[in-house]
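K.L.:
Here is how the chains run, residue by residue.
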Amino acid sequence: MMQDPSNLLVLALVLPVAGLLLALVVGGRYAGRIALWLMPVGLAIAVMLVVSVIRADDALVYDLGGWMPPLGVALRADGLSAIFILTTVAVIGATGIFARTEFRTLPGQPETRTSLTFWALLLALWGALNLVFLSNDLFSLFVALELLTFSAIPLVCLDGRAGTLAAGLRYLLFALFGSVLYLLGAVLLYGAYGTLDIGLLSGLVRPEPVAWGAAALMTVGLMAKTALFPLHFWLPPAHAGAPAAASAVLSALVIKASLFLIVRLWFDAMPALMNPTAAQVLATLGAAAILFGSVLALRQARLKLLIAYSTVAQIGYLFLIFPLIVRPESGSFAAADLYTELAATVVSTSAWSGGVLQAVSHAFAKAAMFMAAGLIAQSLGHDRIADLSSIGRALPITVLAFALAGMSLMGLPPSGGFAAKWLLLTATIETGQWWWALVILGGGLLTGGYLFRVLAPALFGSRQSVTLRAPVARYREVVVLALALCSVLLGFVRLGAFDLVQIGRLAKAGMGLP
Amino acid sequence: MISAEMLLLISFATPVALLLACGWRMVRERMPTLFAFAPLPALATALWAVNRPPWVFNEARLHITFVLDMPGAILLGVAALLWSAAGLYASTYLRGHPNLGRFSIYWLLTLTGSLGVFVAADLFTFYLTFALLSLAAYGLVVFDGTPRARRAGIIYLVLALLGEIFLLMGFVLLASAIPGDSLAIRDALATLPTSPWRDPTVALLIAGFGLKMGLVPLHVWLPIAHPAAPMPASAVLSGAIIKAGVIGLIRFLPFDVPLPDWGVALTAVGLLTAFYSVVIGITQPNPKTVLAYSSVSQMGVVAAVLGMGLAAGQSNAVMAATFYSAHHLLAKGALFLAVGVVAATGPRRLWWVLVPAAILALGIGGLPLTGGALAKLAVKPVLGDGRVELLATLSAIGTTLLMLHFLHRLAASASPDPSASAPIGFALSWMLMFVAAIGVPWTLYGVTGIGVYDDVLQPKILWAALWPILIGAGLALGLWRWGRYLPPIPEGDIVVVGQPALRVVVRCEDALERVEGGLRQWPVAGLFMLLLILILGGVMFHGY
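Those protein sequence lines, which keep their order, are chains A and B.
Read in order, the letters of the first sequence correspond to residues 347 to 860 in my numbering.
Read in order, the letters of the second sequence correspond to residues 1381 to 1924 in my numbering.
Wrong hints could be hidden among the right ones.
[Said to hold, decoys possible] Looking from chain A toward chain B, a few residues come up when the C-beta cut is under 10 Å (computed): (1) ARG516; (2) PHE523; (3) GLY559; (4) VAL641; (5) GLY788; (6) GLY790; (7) GLY795.
[To be verified] Derived list of chain B stretches under chain A, where covered just means 3 residues or more per stretch with a C-beta under 8 Å from a C-beta of chain A: (8) 1507 to 1513; (9) 1550 to 1562; (10) 1889 to 1899; (11) 1907 to 1915.
[What the hints assert, rightly or not] Not close to chain B: a few residues of chain A, all C-beta gaps over 12 Å, as computed: (12) GLY411; (13) THR447; (14) GLU448; (15) TYR536; (16) LEU726; (17) THR813.
These are computed hints drawn from the structure, not numbers from a lab.
C-beta atoms are modelled at their ideal positions from N, C-alpha and C, and glycine is treated no differently.
For reference, chain A alone in the conformation it holds in the complex:
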């Protein structure tokens, strides 16, 4: 197997799917155990994948059944995919450990509904995410997105209460609109260019009405799934209502998948459409998301809703990378010298590295936050922010983890969030777009504001003792702390070392485009 590292791509897909099928066969009593056993294997595969990509210094490609595109379907892992696959398995693994006892069938007890569904959905989610990161054609990506959506929505309404069912239904409808738009765009592209393979499309797509239409439809569809402002209103009730473990995965990973797709579309599949004004539009929506999400987070009365609105805001940061990758003054492209023109427009790697680092450190930090909020809610019996005074005394590790994760969100050194912000700010300077620097910095201040609302009473409250309704298992606190520490320690990954992001970008693979 090791002779050809591209087999790893298949393994990364097969493992969760095999686990899912096995879990369905053996039932809920053992589903959790299967999932937990598979996760270290998945972690090993992901690590090997990252190492192989670095060693090959190029994307790994696996042609399914030996059929090359456009006839066959290829899997492709570049640096970006490898990073996200590793992040996914790390967060899903931590979630698994965190949820181990929560969704368990006790010996001698009848099997519960959630014990099977939670683990099956978690495995399905894992497989779907890997498929998103590895697929190299727009149709497989559509399948992956659907699989992702349909495993995410039941996680929202796992407890079956009316409120969460409504939130889940709203999520479903919105995701459905998104899928329809995406599919419409894909159909247009297929009609015009006769292929859905990303590598082939990148050479074929020309700036013409059908491509513009397709790009606009697909981007907006994916934006709805990413919950980018103003299409975000389904997210807070869905993410806040789900069980803590599920919220963690949804907020940390699921929304990033559709964002990943937007990046793939814009920079890999249709680079010829890469348009500075469109990039500014995307970033403007991002800036609005930062403002709205942060202000709404400031005004929430419940901790989980606050964290969910914080996700809305943090998504905004990720959309700021578009204009930082595409320089504004490069204007319109003439068809003839399109490629040379583009080579000049893609300026710095800072924006790429910063964006990826932002996404990854946010994934760890947000997972830690939702789990911390879950532990607090479980031990107090509520998550009203007004009544969190001195909770730091009762749950020091959990609150420390929450604070560390918050540090990363705010972009305080030495966290991953800080390194990301540093790189993004550098990119704003390099491309001469200081106004996005103002947005990034102002967003940090607002983030500080909503975290202060939680942390100030939690750490500096005047209550001398807090009585907990239910004890919190130490190992669950440690998992949360580990996730938070990951997001902080990411800042120590040497800023330049994130060149991994650049490996296998289509330009390097010789497809002619940066």
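Position chain B against the provided structure of chain A, taking the given hints into account.
P.N.:
Chain B alone, transformed into the frame defined by chain A:
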């Protein structure tokens, strides 16, 4: 013989190890007794550096670089002294306090950052230690848990974060100008004068560090936060922590290349600060608040000195400002401790505290033979003979007035119990700081070659230092006689504009929340989806 590298490592390992030890409840409860020892390795490091060439420690893989040069070593040494004495004070102050574990954690965090800024030599390490110090100090400001402390904490934090933002942007601009991926401050300084972003960079750096020093109008947090903290924390806040701003200006402004415009601007802001805070300070009844305004005023003088150096490209301004700041650090730290000692001392023994406090207080105004007189002498060559020098002398008059007002308020704050006397821990740390505030400047003055002792004793120089004091004393008599006619001014003076501003912010938030409510409607969401498709498509069409 222990190497400098080891010393530096131990200096930081000690507070960090103590911090980790706070994880055990048993240790945490006893931690304050170790406060006095935590900064001692840093003191040893500073002493090691005396009369040695600058020494650089570079850990490139972690992006950590330290430098031990003269300005850094002097400030590191005196800061360590103050932290040690204030730690001794704190261990008595906290005895039996229910929240002493919490205090220990924030004390040690702030200590680590406070010592770190003086030796950090690359942008990352500097920003890290600076942020650590700024944010951890919040825990000290709000420690008392009173509504007043909480309000002070919020104002402190908002402005501290604003300062962080200025600095982050300034640092990113600095780093962008450096060719290659070096983050060393030395390289940043070398490229700054020719950087395409020179002016915004210098503006952001002055704003960020000036905020930490309390330069007007970014001083509002200081007279609110410093008095709100517990006594030993006030001492380190007003003594050691604001010096992070001074070392920042020293490290990041290019003093060997003249930048006349920025130099003049910094001098002007500094002098404005020096006078403005005296005017506000004399209206304050609380001795701690008076001291805080005096800190603002003194940092204004330091800024003026650095501004003059920047304008003319004289690098001797760095040592002068360092020496001035070192004296202020010790004297102001000592005076804050004196406030605590006086509050616990009855009238019978009061003179034992008031007389030394008066010497230190007037020393800040430049009383002959005190460390303050030496500090004024040290900055004289930088200020020149012109208008700036005259204004600096006038500010010495103002300082004398302010410090006499402080002594007046201090005497009034003594314990009503005639036989009360301060606990031994308080008295000891105060004595230690008094001796240090007199002795250390005298020693440094000769050892570091800032000046020669013979100059100090010349009658002409003694008289030049004395007459501002006498005029200040005359004005103080007037203040006692007619002071009650002064209008009452709240702590933080111009902070009052924050209230209406806050209302506006809240109204904006309300508006945003209403908009969000509108976006939650299905038809609205659908409309937006359609609109976005049209916009994106249209923009691409237009761009082509």
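K.L.:
Confirm or reject each hint.
P.N.:
Now for the hints, and whether the structure bears them out:
With its C-beta approaching chain B no nearer than about 9 Å, A:ARG516 sits inside the 10 Å limit, and its interface hint holds. Taking 10 Å as the C-beta contact cut-off toward chain B, the hint placing A:PHE523 at the interface holds, the least distance being around 7 Å. Hint status for A:GLY559: holds, given a least beta-carbon distance of 6 Å to chain B, under 10 Å. Here the hint on A:VAL641 is kept, as its CB sits about 5 Å from the closest CB of chain B, short of 10 Å.
For A:GLY788, the suggested interface contact is upheld, since its CB lies about 8 Å from the closest CB of chain B, less than 10 Å. The closest approach between the C-beta of A:GLY790 and any C-beta of chain B is roughly 7 Å, which is under the 10 Å cut-off, so the hint is satisfied. For A:GLY795, the interface hint holds, the least distance from its beta-carbon to any beta-carbon of chain B being 8 Å, beneath 10 Å. Coverage of a stretch by a chain is defined here by at least three residues with a beta carbon nearer than 8 Å to that chain's beta carbons; for the stretch 1507 to 1513 of chain B and chain A the count is 3, and the condition holds.
Interface restraint, the stretch 1550 to 1562 of chain B with chain A: holds (5 residues with C-beta to C-beta distance below 8 Å; minimum three). Check on the stretch 1889 to 1899 of chain B: 6 of its residues sit with their Cβ under 8 Å from a Cβ of chain A, so the three-residue criterion for coverage holds. Only when three residues or more bring their CB closer than 8 Å to a CB of chain A does the claim for the stretch 1907 to 1915 of chain B stand; here the count is 6, and the claim holds. Look at A:GLY411: its CB is around 36 Å from the nearest CB on chain B, clear of 12 Å, so calling it non-interface holds up.
For A:THR447, the requirement that its beta carbon stay farther than 12 Å from each beta carbon of chain B is met, with the minimum near 25 Å. Remark: the non-interface label on A:GLU448 is consistent with the geometry, its nearest Cβ contact in chain B lying 27 Å away (cut-off 12 Å). With a minimum CB-CB distance of about 18 Å to chain B, A:TYR536 clears the 12 Å threshold, and the non-interface call stands. No beta-carbon of chain B is positioned within 12 Å of the beta-carbon of A:LEU726; the least distance is around 20 Å.
The claim that A:THR813 lies off the interface holds: its Cβ sits roughly 17 Å from the closest Cβ of chain B, which is beyond the 12 Å cut-off.
In summary, this structure violates none of the numbered hints.
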